[in-house]
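Peer 1: The chain contents come next:
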Amino acid sequence: MNQLAHPTIRKFDAIIVGAGGAGLRAAIQLSESGLKTAVISKVFPTRSHTVAAQGGVAASLGNSEEDSWQWHMYDTVKGSDWLGDQDAIEFMCRKANEVVVELEHYGMPFDRLENGKIYQRPFGGHMSNFGEKPVRRACAAADRTGHAMLHAMYQRNVRANTQFFVEWMALDLIRDIDGQVLGVTAMEMETGEVVIFQAKATLFATGGAGRIYYSSTNAFINTGDGLGMAARAGIPLEDMEFWQFHPTGVAGAGVLITEGVRGEGGILRNSTGERFMERYAPNAKDLASRDVVSRAMATEIKEGRGCGPDKDYLLLDLTHLDPKTIMQRLPGIREISLQFAGTDPIKESIPVVPTCHYMMGGIPTNYHGQVVVTKDGRHDAVVPGFYAAGECACASVHGANRLGTNSLLDLLVFGKSAGESMVSDIKAMPAAHKELPQDGSDLARSRLARLENQQSGANVHEVQLAMRRVMQDHCGVFRFPDMLAQGVTKILEVEKQVMVTEIRDKSQVFNTARLEALELDNLIEVAKATMVSAEARRESRGAQAREDFPDRDDANWLKHTLWHREGNRLDFKPVQMKPLSVDSIELKKRVY
Amino acid sequence: MTDAARLNRLRWHSRRGLLELDLVLERFWLRHGETLDEGQAEALEQVLALEENDLWDIICARQGIGDSRLQGMIELLREP
Chain A
1 MNQLAHPTIR
11 KFDAIIVGAG
21 GAGLRAAIQL
31 SESGLKTAVI
41 SKVFPTRSHT
51 VAAQGGVAAS
61 LGNSEEDSWQ
71 WHMYDTVKGS
81 DWLGDQDAIE
91 FMCRKANEVV
101 VELEHYGMPF
111 DRLENGKIYQ
121 RPFGGHMSNF
131 GEKPVRRACA
141 AADRTGHAML
151 HAMYQRNVRA
161 NTQFFVEWMA
171 LDLIRDIDGQ
181 VLGVTAMEME
191 TGEVVIFQAK
201 ATLFATGGAG
211 RIYYSSTNAF
221 INTGDGLGMA
231 ARAGIPLEDM
241 EFWQFHPTGV
251 AGAGVLITEG
261 VRGEGGILRN
271 STGERFMERY
281 APNAKDLASR
291 DVVSRAMATE
301 IKEGRGCGPD
311 KDYLLLDLTH
321 LDPKTIMQRL
331 PGIREISLQF
341 AGTDPIKESI
351 PVVPTCHYMM
361 GGIPTNYHGQ
371 VVVTKDGRHD
381 AVVPGFYAAG
391 ECACASVHGA
401 NRLGTNSLLD
411 LLVFGKSAGE
421 SMVSDIKAMP
431 AAHKELPQDG
441 SDLARSRLAR
451 LENQQSGANV
461 HEVQLAMRRV
471 MQDHCGVFRF
481 PDMLAQGVTK
491 ILEVEKQVMV
501 TEIRDKSQVF
511 NTARLEALEL
521 DNLIEVAKAT
531 MVSAEARRES
541 RGAQAREDFP
551 DRDDANWLKH
561 TLWHREGNRL
571 DFKPVQMKPL
581 SVDSIELKKR
591 VY
Chain B
593 MTDAARLNRL
603 RWHSRRGLLE
613 LDLVLERFWL
623 RHGETLDEGQ
633 AEALEQVLAL
643 EENDLWDIIC
653 ARQGIGDSRL
663 QGMIELLREP
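In order, the protein sequence lines correspond to chains A and B. Be aware that the first sequence starts at 1, since it is given in our numbering, and climbs by one per residue. Be aware that the second sequence starts at 593, since it is given in our numbering, and climbs by one per residue.
To be clear, the hints were calculated from the coordinates, so they are not data collected in a lab. Treat the numbers as computed from the prediction; the structure is a model and nothing was measured. Watch out, some of these pointers could steer you wrong.
Interface residues of chain B toward chain A, partial, derived using beta-carbon atoms under 10 angstroms [stated by the list, open to error]:
hint : residue
1    : L599
2    : R601
3    : G609
Here are some, though not all, of the chain B residues that point toward chain A, as calculated from beta-carbon distances under 7 angstroms [unchecked claim]:
hint : residue
4    : W604
5    : L610
6    : E644
The C-beta atom is built at its ideal place from N, Cα and C for all residues, glycine as well.
Whole structure, please, built from the sequences with the hints as guidance.
Peer 2: See below:
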């Protein structure tokens with residue numbers, strides 16, 4: 001691997017890592033400004049995980065009935081359980097109409113009303129008049145909103161001459177002695193060649209990291225690469241204890257069984273056959289809200305009433321329903337159950353488990369998409385040259401819990417604002433690139449060399465499975481103090497195994513074994529950050545539900561966690577309660 | 593590109609944006625990865641070039657696949 005000693009250097013004005021919604025939106029901004037822009041992606045852009053988003057994108061267009069960004073802002077702050085930063089939330093909700101209309105002009109085939117305006121549908125948590133009654137705010141393109149969005153933005157980028165490096169994996173961030181970010185090292189999968197991408201501005205838009213959990217709705221590519229790279233480069237990770245879970249993913253697979261199944265009469269049962277939701281929610285029973293159902297399921301499993309040889313899942317029973325109902329109203333569910341659970345729901349129950357869906361935390365940014373850290377007592381010190389947007393970033397608009405359809409809005413608004421910041425920051429810089437540090441590629445190089453030379457090491461798949469099990473068992477949807485404390489010890493033991501992973505295949509062309517080992521290096525950083533932050537936060541807020549501290553504790557915990565890789569330690573920063581132009585949305589109990 | 597390299601590339605192209613497809617393809621490689629012949633590799637390459645939602649709809653039989661030569665590959669992917 002002599003080539004590693006003197007890697008090729010490619011220079012751009014801007015580089016973007018990740019070609020999902022946030023990366024593509026930022027790239028439009030940069031390329032259309034005439035800047036030389038490269039986008040690096042593990043997979044072809046339209047195969048990014050944004051493609052899985054079905055629900056829609058929130059914008060208070062008011063096409064069907066009165067709506068306003070202030071009401072949307074209120075719903076978002078309330079959804080976040082008051083942990084979201086109100087300046088960023090105001091910014092996002094005010095910008096929503098603009099970015100949705102822009103997207104329409106890029107050719108996004110939104111569903112339409114008869115009068116030609118964008119059709120809007122109701123969605124959980126979307127309310128008018130500060131929480132009074134439901135409002136139609138979600139804009140969608142049938143059930144393919146994410147897919148259509150990626151296509152529209154990819155085409156726009158092709159037109160704007162964005163340069164795509166598809167099937168490249170970014171390895172590590174390059175920072176100089178002043179802390180300025182000067183690009184990344186990346187590996188071309190087809191050749192195994194390692195190249196330095198030098199840039200005046202670097203954006204991470206690498207998406208989520210749901211693969212840290214055993215049960216996850218996330219595609220296999222969601223390995224938190226941006227978070228791993230940021231953590232290794234000394235950037236803290238914010239609010240990593242907050243992960244949104246869905247109560248019913250197929251056990252062992254993660255594929256979602258929609259809430260509609262319980263709406264049609266599906267019943268959750270434990271190992272004794274008991275309809276346990278009657279004990280937890282006597283009125284709503286199986287139709288109680290997501291968090292109530294998820295907590296009840298986690299409690300049943302923890303108390304030994306789970307099903308199967310490991311007592312680690314519950315059963316969703318549809319067998320009492322008329323087969324016609326299942327065939328006609330829930331055909332997709334039957335297919336999912338046949339494919340991934342190996343059961344026909346007409347005859348047998350579906351094994352289900354609370355399943356990780358979305359990461360609220362991430363790389364700390366301001367609402368301009370600039371990465372910020374704590375310096376000289378201030379919490380908003382910009383890291384020069386470094387930006388983040390989309391699920392990998394924490395602006396923080398989702399706080400402790402994300403409002404439905406705000407994820408697509410997040411990537412449009414903050415993809416755009418990060419792109420705008422990059423354009424203006426680059427224009428203010430000298431024409432020549434800043435000199436790269438001598439040791440710029442050392443970190444990536446040493447990781448590859450370690451992997452190349454490791455002997456008698458650990459199997460990547462086994463270590464990955466151990467990590468996912470520890471996260472699921474110890475830091476799932478409902479959190480118990482003893483399990484969290486053990487979880488911290490266990491995840492550090494898993495980390496020791498990650499440090500000695502070994503691959504047998506040393507070939508250069510599309511070596512998936514090497515790629516998976518490199519991805520695991522990133523996942524473990526996310527897993528540690530999540531476990532340590534969850535153990536430390538002694539309250540329940542939004543998606544963090546603790547058995548020992550069942551209530552929100554604003555006196556002690558109205559603050560963001562910041563996890564640092566060095567020393568595996570936490571510090572904190574205050575929540576921004578002051579919006580940009582309107583009055584603060586005052587604290588109150590979050591009830592629906 | 594060697595045969596091994598070509599197969600490795602197909603394995604990477606089996607990483608998708610939808611979890612459903614990841615799982616179907618992971619199962620396929622476990623069952624058939626060692627015995628894939630030239631014709632099947634060719635068919636898989638074409639199937640993997642399909643869009644995410646289209647491929648999932650085809651596997652679920654909600655949509656047909658235009659090219660009948662690929663039907664055999666779809667059947668293999670569909671095996672529960």
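Peer 1: Decide, hint by hint, whether the structure agrees.
Peer 2: Here is how each hint holds up against the structure:
1. Satisfaction of the interface hint for L599 of chain B is found here, the shortest Cβ-Cβ separation to chain A being roughly 9 angstroms, below the 10 angstroms cut-off.
2. Of the supplied interface hints, the one on R601 of chain B holds, with its beta-carbon coming within about 4 angstroms of a beta-carbon of chain A, less than 10 angstroms.
3. Using the Cβ-Cβ criterion of 10 angstroms, the hint placing G609 of chain B at the interface with chain A is satisfied: the shortest such distance is roughly 4 angstroms.
4. Against a cut-off of 7 angstroms between C-beta atoms, the interface hint on W604 of chain B holds, since the closest Cβ of chain A lies about 5 angstroms away.
5. For L610 of chain B, the interface hint holds, since its Cβ comes within 7 angstroms of a Cβ in chain A; the closest pair sits about 5 angstroms apart.
6. This hint holds: E644 of chain B has a C-beta 5 angstroms from the nearest C-beta of chain A, less than the 7 angstroms allowed.
When each numbered hint is compared with the structure, no violation occurs for any of them.
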